[in-house]
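**Student:** Chain by chain, the residues run as shown.
There are 2 protein chains.
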Amino acid sequence: MNSSEIQRLIQLLSRLPGLGPRSGRRAALYLLQKKESHMAPLIEAINNAFQTIQTCQSCFNLDSHKHCSICLDPKRDQHTICIVESVSDLWAMERSNTYRGLYFVLGGNLSAIQGIGPDQLNLGALVQKLQDQDFQEAIFALSATLDGQTTMHYVRERIAPYVKNISSLAHGVPVGGELDYLDDGTLTTAMTHRYKVA
Amino acid sequence: MNSSEIQRLIQLLSRLPGLGPRSGRRAALYLLQKKESHMAPLIEAINNAFQTIQTCQSCFNLDSHKHCSICLDPKRDQHTICIVESVSDLWAMERSNTYRGLYFVLGGNLSAIQGIGPDQLNLGALVQKLQDQDFQEAIFALSATLDGQTTMHYVRERIAPYVKNISSLAHGVPVGGELDYLDDGTLTTAMTHRYKVA
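For the protein sequence lines, the chains are A and B, in the order given. Residue numbers for the first sequence follow my numbering, so the first one is 988 and each next one is one higher. Residue numbers for the second sequence follow my numbering, so the first one is 988 and each next one is one higher.
Please note: incorrect hints may appear among the correct ones.
Where chains are identical, the list cannot tell them apart; a pair therefore holds if satisfied intra-copy or between any two copies.
Stated by the list, open to error - Below 35 Å or equal to it, Euclidean Cα-Cα: the simulated DSBU-like pairs (lysine-lysine) are:
#, residue 1, residue 2
1, K1183, K1062
2, K1183, K1022
3, K1022, K1151
4, K1022, K1062
5, K1022, K1053
6, K1183, K1151
7, K1062, K1151
8, K1053, K1151
9, K1021, K1116
10, K1022, K1116
11, K1062, K1021
Read the hints as simulated data drawn from the structure, not as lab findings.
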């Protein structure tokens, strides 16, 4: 019954995480009913993001430059690297304000069920980075799930030859919990009590 | 810590109804991590909607033409008009598939608390439409809230000189409920049992 343009907008908004068909309709109406004040700014923001945001060639974070602002920040500890699963986990670590080194985004966890093997992760780039730069410590900040811990043990074997100290977030991370959903206090505790795994 | 482009995108996505800061971040990442498959289609859809969707000059529905497809459909009953509060309520009526006449979108309810008076509604256009066209019946499909019923009684007085039969959705609509949230069965029952108010 709606015009195809409205239906298509509702369809794509409904696919956003957290939205469904009903909230997709509400979001579409919110935009359509105030086109100048609600829709135009979103169009501009999404276009800007589309044109400028790219994957950091050094750590796989997202930023508006080839190398992200964290990699380029000379004030950050250049000898510590924190290995996270995803960009959202990197953002969660940054919000906790407990870490001032560099990052590396693996791009996922090993998962037999989802068919994600080592080749789907950015493992080659990680090993290369550890060979090229001089890191004193690598810290695993992976989810305390079965897949996350499996991933940590696998990646640890691969990077052990290139970095002396390898540690992991303390098990203040609730077992079964995902990093993106933790409060900052728990993340800070876990970072403070990180323990050696190799 | 994020680039300004990402922050702005998160900020605007967070304002969509049903989303907050956390789900706004998730939605932004969903788009940024699959730019070609997720972000590009949304940009196209939102641009198309922005350029084509306009308010129907006859009934205040939203469509890609000056006059919406419901107003232009010759198969619909041209002598019955259904008065709704908003476009989302019009969509809810259409989904219930129980009504085949025309519509008129008031654009809100009278509300002393929110400071919405008769001048903020499309009342002048409604009276004009009822004078210009020959309607046998006007059906109020307003929410069964205090504001909705107040609006019905006020608008009824204004349109009574121009249309013979004025009815309202039956009180199968649960008291305090809003139209957009009803299941189709309830809407069908309410449409079948509409009662005369003048």
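**Student:** Would you mind marking each hint as holding or not holding in the structure?
**Tutor:** Outcome of the hint check:
no.	hint	verdict
1	K1183 x K1062	within (25 Å within a copy, 75 Å between copies)
2	K1183 x K1022	neither (54 Å within a copy, 38 Å between copies)
3	K1022 x K1151	neither (56 Å within a copy, 37 Å between copies)
4	K1022 x K1062	between (43 Å within a copy, 31 Å between copies)
5	K1022 x K1053	both (34 Å within a copy, 16 Å between copies)
6	K1183 x K1151	within (10 Å within a copy, 84 Å between copies)
7	K1062 x K1151	within (23 Å within a copy, 78 Å between copies)
8	K1053 x K1151	within (29 Å within a copy, 70 Å between copies)
9	K1021 x K1116	between (48 Å within a copy, 25 Å between copies)
10	K1022 x K1116	between (46 Å within a copy, 26 Å between copies)
11	K1062 x K1021	between (44 Å within a copy, 31 Å between copies)
Figure legend: structure checked against the earlier numbered hints; hints not met, in rising order: 2 and 3.
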